[in-house]
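Note that the protein sequences, when read in sequence, are chains A and B.
Read the first sequence against the UniProt record's numbering and you will find it ends at 313, with the numbers running on by one and no gaps.
Read the second sequence against the UniProt record's numbering and you will find it ends at 313, with the numbers running on by one and no gaps.
In short, the hints are calculated from the structure, not lab data.
The beta carbon of each residue, even a glycine, is placed where N, CA and C say it ideally should be.
Hints are not guaranteed to be accurate.
Restraint ranges, calculated between C-beta atoms of paired labels, are given here [as the list claims (entries may be wrong)]:
id	chain 1	residue 1	chain 2	residue 2	range
1	A	290	B	94	48 to 54 Å
2	A	260	B	60	41 to 47 Å
3	A	94	B	94	20 to 26 Å
4	A	290	B	10	56 to 62 Å
5	B	93	A	113	32 to 38 Å
Straight-line alpha carbon distances no greater than 27 Å define the calculated BS3-like cross-link-like pairs of lysine-lysine that follow [as the list claims (entries may be wrong)]:
id	chain 1	residue 1	chain 2	residue 2
6	A	34	A	143
7	A	94	A	265
8	B	203	A	145
9	A	40	B	143
10	B	145	A	40
11	B	94	B	145
12	A	34	B	145
13	B	40	A	143
14	B	34	A	143
15	B	143	A	58
16	A	40	B	34
17	B	265	B	153
18	A	17	B	40
19	A	40	A	145
20	B	34	A	145
21	B	145	A	94
22	B	17	A	40
23	B	203	A	94
24	A	265	A	145
25	A	34	B	40
26	B	17	B	58
27	A	34	B	238
28	A	203	A	145
29	A	203	B	238
30	B	153	B	58
31	A	238	A	203
32	A	94	B	58
33	B	40	A	40
34	B	34	A	34
35	B	153	B	40
36	A	265	A	298
37	B	34	B	17
What follows is each chain in one-letter form.
There are 2 protein chains.
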Amino acid sequence: MFFSETDLIAGIASRAKYPSSIVKGIGDDTAVLKSADPDKYQLFTQDSIVLNQHFFLKDDPQAIGWKAYARNVSDIAAMGGIPSCALVALGLPKSLDEGWVTRLYDGIFSCADTFSCPVVGGDITAVENELFVSVSMIGVVSKQKLCLRNGAKPGNMVCVTGLLGGSIRSKHLNFMPRLREAQWLVNNVHITSMIDLSDGLAKDLFHIGEASSVGFELNKSEIPISSDAVALAAETGKAPIWHALNDGEDFELLFTVADNESDIKSVCTEFQELFGFRCSVVGRVIDQGEGAFIVDEKNRRGQLFPGGFDHFA
Amino acid sequence: MFFSETDLIAGIASRAKYPSSIVKGIGDDTAVLKSADPDKYQLFTQDSIVLNQHFFLKDDPQAIGWKAYARNVSDIAAMGGIPSCALVALGLPKSLDEGWVTRLYDGIFSCADTFSCPVVGGDITAVENELFVSVSMIGVVSKQKLCLRNGAKPGNMVCVTGLLGGSIRSKHLNFMPRLREAQWLVNNVHITSMIDLSDGLAKDLFHIGEASSVGFELNKSEIPISSDAVALAAETGKAPIWHALNDGEDFELLFTVADNESDIKSVCTEFQELFGFRCSVVGRVIDQGEGAFIVDEKNRRGQLFPGGFDHFA
Numbered sequence: 001m002f003f004s005e006t007d008l009i010a011g012i013a014s015r016a017k018y019p020s021s022i023v024k025g026i027g028d029d030t031a032v033l034k035s036a037d038p039d040k041y042q043l044f045t046q047d048s049i050v051l052n053q054h055f056f057l058k059d060d061p062q063a064i065g066w067k068a069y070a071r072n073v074s075d076i077a078a079m080g081g082i083p084s085c086a087l088v089a090l091g092l093p094k095s096l097d098e099g100w101v102t103r104l105y106d107g108i109f110s111c112a113d114t115f116s117c118p119v120v121g122g123d124i125t126a127v128e129n130e131l132f133v134s135v136s137m138i139g140v141v142s143k144q145k146l147c148l149r150n151g152a153k154p155g156n157m158v159c160v161t162g163l164l165g166g167s168i169r170s171k172h173l174n175f176m177p178r179l180r181e182a183q184w185l186v187n188n189v190h191i192t193s194m195i196d197l198s199d200g201l202a203k204d205l206f207h208i209g210e211a212s213s214v215g216f217e218l219n220k221s222e223i224p225i226s227s228d229a230v231a232l233a234a235e236t237g238k239a240p241i242w243h244a245l246n247d248g249e250d251f252e253l254l255f256t257v258a259d260n261e262s263d264i265k266s267v268c269t270e271f272q273e274l275f276g277f278r279c280s281v282v283g284r285v286i287d288q289g290e291g292a293f294i295v296d297e298k299n300r301r302g303q304l305f306p307g308g309f310d311h312f313a
Numbered sequence: 001m002f003f004s005e006t007d008l009i010a011g012i013a014s015r016a017k018y019p020s021s022i023v024k025g026i027g028d029d030t031a032v033l034k035s036a037d038p039d040k041y042q043l044f045t046q047d048s049i050v051l052n053q054h055f056f057l058k059d060d061p062q063a064i065g066w067k068a069y070a071r072n073v074s075d076i077a078a079m080g081g082i083p084s085c086a087l088v089a090l091g092l093p094k095s096l097d098e099g100w101v102t103r104l105y106d107g108i109f110s111c112a113d114t115f116s117c118p119v120v121g122g123d124i125t126a127v128e129n130e131l132f133v134s135v136s137m138i139g140v141v142s143k144q145k146l147c148l149r150n151g152a153k154p155g156n157m158v159c160v161t162g163l164l165g166g167s168i169r170s171k172h173l174n175f176m177p178r179l180r181e182a183q184w185l186v187n188n189v190h191i192t193s194m195i196d197l198s199d200g201l202a203k204d205l206f207h208i209g210e211a212s213s214v215g216f217e218l219n220k221s222e223i224p225i226s227s228d229a230v231a232l233a234a235e236t237g238k239a240p241i242w243h244a245l246n247d248g249e250d251f252e253l254l255f256t257v258a259d260n261e262s263d264i265k266s267v268c269t270e271f272q273e274l275f276g277f278r279c280s281v282v283g284r285v286i287d288q289g290e291g292a293f294i295v296d297e298k299n300r301r302g303q304l305f306p307g308g309f310d311h312f313a
């Protein structure tokens, strides 16, 4: 592509004009809109998946439908919100049979039922080959629980749910959006920023860093590495930690908290007992001028950048 | 395609489960949702356009952007509503240059500004070839002004704005959604059903007919035929009336009114003076059991069906 998506989005954002009814436009997991209810905001998001980019024809169509819908639930969860309803736009090749499409909808309706977020409409368009599923979703959030990307402050702890990396092996198609978990977290810790992990820990951390004008220091030994990251590393020759930092589509929650370290660690213990998987403190927020680092067990610092890190020195 | 879109949508609609917060789900121009404001409903719609289906690469990208956005404005207008904000999801081939994409956004922002409906987010995905633009839009409607497809009653007059047919010659890319006009109409006549003309007069009339369980009798001499329909007929060998009835993408308003014929005809005169183009009474609603007909100047009746009509006999 002759243009970068980041530059393009920055260009688009600079052209957008917002009335006072728009609390947050381009630049977060969802748009945030004023509501007629003075205690709440409305959330509005759209996300598309495309054949050979986000899924393949060999994949189970039910899982493809789940994924398309669940990505949007994950975005709303990461704002501290609850999804309300959604529209599904399909671009369907003429070569598909009806059974395939029915199974795609099985996945969509399964996700809609799981999160009590009904499909209220959409449209179907014929395409030649490049199947796409574009879902738009509305949600709601208490004003006091809204989590944006721009509230991280130096001294905050950095936390992440679950185990990271290697989602291409299967999790990217059947992940569980962290809606219950996000709701519990906004009620039990002081979240200052939150994002769902779609681009990978390193990149998404920089999304928070840019929005909040802060830097980061991650502890290498605390990064929760999935067994899929380990298995994938055996194939790629990269380190498991590389996959945990850089693989996309984990759909876990990455967030910063203003609580002190002992409080957040006990919350993480409670989280594990309640939900049956990890919540980890992986580092802390530092001044933007200090940059972004990852520190290993021997206290060596490697520079962190979106998409990777330098060797420890 | 091995499945029909109509059957597929009927199948999907039958599977959808709605809580009481959903006033209208699948099956109208937009979904209708309860709002925290007791006097209003929220509208929610999504519509996609795809390369070689709805536009071509030779078309002006600014017009493509306008079209993608304006289709959604047209849907909200046809519900009696006003658009609030929208998201834009793009599938962009790597071969496009940045200038092309900037001009696409010029068209999108131009439409957003024209209708005071800002772009509040979206996403960009790389595709191989099949460029798509999928826009989702939120709007608002006064409960008393909501226009669904299901309220037409025998005895109602059938009306349409503008001139019909031949939009493929240019109008499909640069049409003006009838937002101001729809707002004026809901305040000046008793609309019982309304739809925007996207599939063509004959098909869209049947959408109202099915939703309202009614039939129709159209007056052939009253169907407003565009000069594009006449020009296109000269190429295709079909009659201009055929194009006016069956061509898609007019994006005019088709509606039924409970007002008497003389009242609605004086409203049509006022409409013409105010907006500078026609509003026509083209027929009347009859019992579903009577069927759907078109009547010519010699009072001969031809059977009307979605996508055509029989010879007059």
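Consistency of the hints with the structure:
1. For residue 290 (chain A) and residue 94 (chain B), the hinted distance range of 48 to 54 Å is not satisfied, since their beta carbons lie about 37 Å from each other.
2. Roughly 58 Å separates the CB atoms of residue 260 (chain A) and residue 60 (chain B), a value that falls outside the hinted 41 to 47 Å.
3. For the pair residue 94 (chain A) and residue 94 (chain B), the supplied restraint of 20 to 26 Å holds, since their beta-carbon distance comes to about 24 Å.
4. Between residue 290 (chain A) and residue 10 (chain B), the C-beta spacing of about 60 Å keeps the proposed range 56 to 62 Å intact.
5. The beta-carbon spacing between residue 93 (chain B) and residue 113 (chain A), approximately 36 Å, falls within the hinted interval of 32 to 38 Å.
6. In summary, the hint linking residue 34 (chain A) to residue 143 (chain A) is supported, as the alpha carbons are separated by about 10 Å, within the 27 Å threshold.
7. Of the supplied pair hints, the one linking residue 94 (chain A) and residue 265 (chain A) is violated, its CA atoms being roughly 53 Å apart against a limit of 27 Å.
8. A C-alpha spacing of about 47 Å is found between residue 203 (chain B) and residue 145 (chain A), which places the hinted pair above 27 Å, so the restraint is violated.
9. The hinted pair formed by residue 40 (chain A) and residue 143 (chain B) meets the criterion: a straight-line CA distance of about 22 Å does not exceed 27 Å.
10. Proximity of residue 145 (chain B) to residue 40 (chain A) is assessed by CA-CA distance (about 26 Å); at most 27 Å being required, the pair is judged to hold.
11. For the given pair, residue 94 (chain B) sits about 45 Å from residue 145 (chain B) by alpha-carbon distance, which is inconsistent with the 27 Å threshold.
12. Taking the CA atoms of residue 34 (chain A) and residue 145 (chain B), the gap is about 22 Å. The hint holds against a cut of 27 Å.
13. A C-alpha spacing of about 22 Å is found between residue 40 (chain B) and residue 143 (chain A), which places the hinted pair at or below 27 Å, so the restraint holds.
14. The hinted pair formed by residue 34 (chain B) and residue 143 (chain A) meets the criterion: a straight-line CA distance of about 20 Å does not exceed 27 Å.
15. This hinted pair does not check out: residue 143 (chain B) and residue 58 (chain A) have alpha carbons roughly 47 Å apart, beyond 27 Å.
16. Our distance criterion of 27 Å between C-alpha atoms is met by residue 40 (chain A) and residue 34 (chain B), whose separation comes to about 15 Å.
17. About 19 Å separates the Cα atoms of residue 265 (chain B) and residue 153 (chain B), which keeps this hinted pair within 27 Å; it holds.
18. The suggested pairing of residue 17 (chain A) with residue 40 (chain B) holds, with an alpha-carbon distance near 25 Å, which does not exceed 27 Å.
19. Pair hint residue 40 (chain A) plus residue 145 (chain A) holds up; C-alpha atoms about 9 Å apart against a cutoff of 27 Å.
20. For the proposed pair residue 34 (chain B) and residue 145 (chain A), the alpha carbon gap of about 22 Å is at most 27 Å, so the pair holds.
21. For the proposed pair residue 145 (chain B) and residue 94 (chain A), the alpha carbon gap of about 39 Å is over 27 Å, so the pair is violated.
22. Only pairs whose Cα atoms come within 27 Å are accepted, and residue 17 (chain B) paired with residue 40 (chain A) is accepted, the gap being roughly 25 Å.
23. This hinted pair checks out: residue 203 (chain B) and residue 94 (chain A) have alpha carbons roughly 22 Å apart, not beyond 27 Å.
24. Straight-line distance between C-alpha atoms of residue 265 (chain A) and residue 145 (chain A) comes to about 21 Å, which keeps the hinted pair within the 27 Å bound.
25. Using a Cα cut-off of 27 Å, the hinted pair residue 34 (chain A) and residue 40 (chain B) holds, with the two alpha carbons roughly 15 Å apart.
26. Note on residue 17 (chain B) and residue 58 (chain B): the hinted pairing is violated, with a Cα-Cα distance of about 43 Å set against a maximum of 27 Å.
27. Under the criterion of a C-alpha separation no larger than 27 Å, the hint pairing residue 34 (chain A) with residue 238 (chain B) is inconsistent with the structure, at around 52 Å.
28. For the suggested pair residue 203 (chain A) and residue 145 (chain A), the alpha carbons sit about 24 Å apart, so the restraint of at most 27 Å is met.
29. For the proposed pair residue 203 (chain A) and residue 238 (chain B), the alpha carbon gap of about 58 Å is over 27 Å, so the pair is violated.
30. A distance of roughly 45 Å separates the Cα atoms of residue 153 (chain B) and residue 58 (chain B); the hinted pair therefore is violated under the 27 Å criterion.
31. For a cut-off of 27 Å, the pair hint linking residue 238 (chain A) to residue 203 (chain A) stands: about 18 Å separates their Cα positions.
32. Taking the CA atoms of residue 94 (chain A) and residue 58 (chain B), the gap is about 24 Å. The hint holds against a cut of 27 Å.
33. As the CA atoms of residue 40 (chain B) and residue 40 (chain A) are separated by approximately 17 Å, the hinted pair is consistent with the 27 Å bound.
34. For the hint linking residue 34 (chain B) to residue 34 (chain A), the alpha-carbon distance of about 15 Å falls within 27 Å, and the restraint holds.
35. Proximity of residue 153 (chain B) to residue 40 (chain B) is assessed by CA-CA distance (about 25 Å); at most 27 Å being required, the pair is judged to hold.
36. Proposed proximity of residue 265 (chain A) and residue 298 (chain A) is supported: the alpha carbons are some 22 Å apart, at most 27 Å.
37. The suggested pairing of residue 34 (chain B) with residue 17 (chain B) holds, with an alpha-carbon distance near 16 Å, which does not exceed 27 Å.
Checked against the numbered hints given earlier, the structure breaks hints 1, 2, 7, 8, 11, 15, 21, 26, 27, 29 and 30 and satisfies all the rest.
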